[in-house]
Amino acid sequence: NNVSLCMNGTSALDIAIKTLKIKNGDEILVPSITFIAPVNTIRYNNCSPIFFDCDEYCNIDINKFIEFIKTNTFMKNKITYNLRTKKRISAIILVHVFGNAVDIERVVNLCKRRNIKIIEDASESLGTYYTKGKFKKKFTGTIGDIGCFSFNGNKIITSGAGGAIVSKNKKLILEAKYLINQA
Numbered sequence: 078n079n080v081s082l083c084m085n086g087t088s089a090l091d092i093a094i095k096t097l098k099i100k101n102g103d104e105i106l107v108p109s110i111t112f113i114a115p116v117n118t119i120r121y122n123n124c125s126p127i128f129f130d131c132d133e134y135c136n137i138d139i140n141k142f143i144e145f146i147k148t149n150t151f152m153k154n155k156i157t158y159n160l161r162t163k164k165r166i167s168a169i170i171l172v173h174v175f176g177n178a179v180d181i182e183r184v185v186n187l188c189k190r191r192n193i194k195i196i197e198d199a200s201e202s203l204g205t206y207y208t209k210g211k212f213k214k215k216f217t218g219t220i221g222d223i224g225c226f227s228f229n230g231n232k233i234i235t236s237g238a239g240g241a242i243v244s245k246n247k248k249l250i251l252e253a254k255y256l257i258n259q260a
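Sequential numbering of the sequence shown, starting at 78, is according to my numbering.
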């Protein structure tokens with residue numbers, strides 16, 4: 078993965094949304110149990126959060142996400158839209174809460190087919206990796222389109238402040254570095 082360092086985890090999420098070219102007015106899916114940073118960054122970028130219930134591990138309920146995509150969205154020109162609001166759904170922020178890894182294997186192919194970008198907020202799961210399945214031995218934050226990390230004083234590894242953005246896509250990281258360095 079390629080990496081870019083930034084001011085904090087919130088700025089990592091903000092830059093991730095900008096780097097993925099998510100447009101004003103788009104909708105971004107997010108769990109209802111999370112720190113305020115993912116929701117704030119959605120609003121900073123003039124997008125709307127769509128909240129989802131959480132599972133027994135405090136992560137987004139993947140079953141409800143899949144059901145929502147199947148029954149409450151439609152596709153037009155390879156873009157997914159919310160059936161009720163008619164707005165484009167351009168991303169999902171998967172927050173790995175309390176070191177618990179989201180069941181991402183069930184999300185990746187569906188998001189790819191629906192052209193929904195995956196932003197992983199791995200701020201609370203640095204060092205967590207999958208022990209089975211397609212992503213066995215892969216760390217949280219390294220599977221989606223972009224992974225975001227925080228090094229705040231309450232995190233697993235801390236520098237008092239700071240954040241990081243990672244991606245397999247070098248162009249996304251180059252764009253992130255450009256935006257982080259005052260463009």
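It is possible that part of the hints are untrue.
The calculated lysine-lysine pairs, modelled on BS3-like cross-linking and capped at a C-alpha distance of 25 Å, are [to be verified]:
#, residue 1, residue 2
1, K95, K164
2, K95, K163
3, K141, K164
4, K147, K248
5, K189, K164
6, K247, K98
7, K164, K153
8, K245, K98
9, K100, K209
10, K95, K189
11, K189, K98
12, K209, K245
13, K95, K155
14, K213, K189
15, K95, K254
16, K213, K247
17, K100, K147
18, K189, K214
19, K163, K147
20, K245, K215
21, K247, K100
22, K141, K153
23, K245, K95
24, K141, K155
25, K215, K153
26, K213, K95
27, K98, K211
28, K213, K155
Hint data in this document are derived by calculation from the structure and do not stem from the laboratory. Since we're looking at a predicted model, the values are computed, not measured.
Results of checking the hints against the structure:
no., hint, result
1, K95 <-> K164, "holds, 18 Å"
2, K95 <-> K163, "holds, 22 Å"
3, K141 <-> K164, "holds, 19 Å"
4, K147 <-> K248, "violated, 31 Å"
5, K189 <-> K164, "holds, 18 Å"
6, K247 <-> K98, "holds, 15 Å"
7, K164 <-> K153, "holds, 11 Å"
8, K245 <-> K98, "holds, 17 Å"
9, K100 <-> K209, "violated, 35 Å"
10, K95 <-> K189, "holds, 19 Å"
11, K189 <-> K98, "holds, 16 Å"
12, K209 <-> K245, "holds, 21 Å"
13, K95 <-> K155, "holds, 21 Å"
14, K213 <-> K189, "holds, 20 Å"
15, K95 <-> K254, "holds, 12 Å"
16, K213 <-> K247, "holds, 23 Å"
17, K100 <-> K147, "holds, 23 Å"
18, K189 <-> K214, "holds, 22 Å"
19, K163 <-> K147, "holds, 15 Å"
20, K245 <-> K215, "holds, 13 Å"
21, K247 <-> K100, "holds, 21 Å"
22, K141 <-> K153, "holds, 22 Å"
23, K245 <-> K95, "holds, 17 Å"
24, K141 <-> K155, "holds, 22 Å"
25, K215 <-> K153, "violated, 33 Å"
26, K213 <-> K95, "violated, 30 Å"
27, K98 <-> K211, "violated, 28 Å"
28, K213 <-> K155, "violated, 30 Å"
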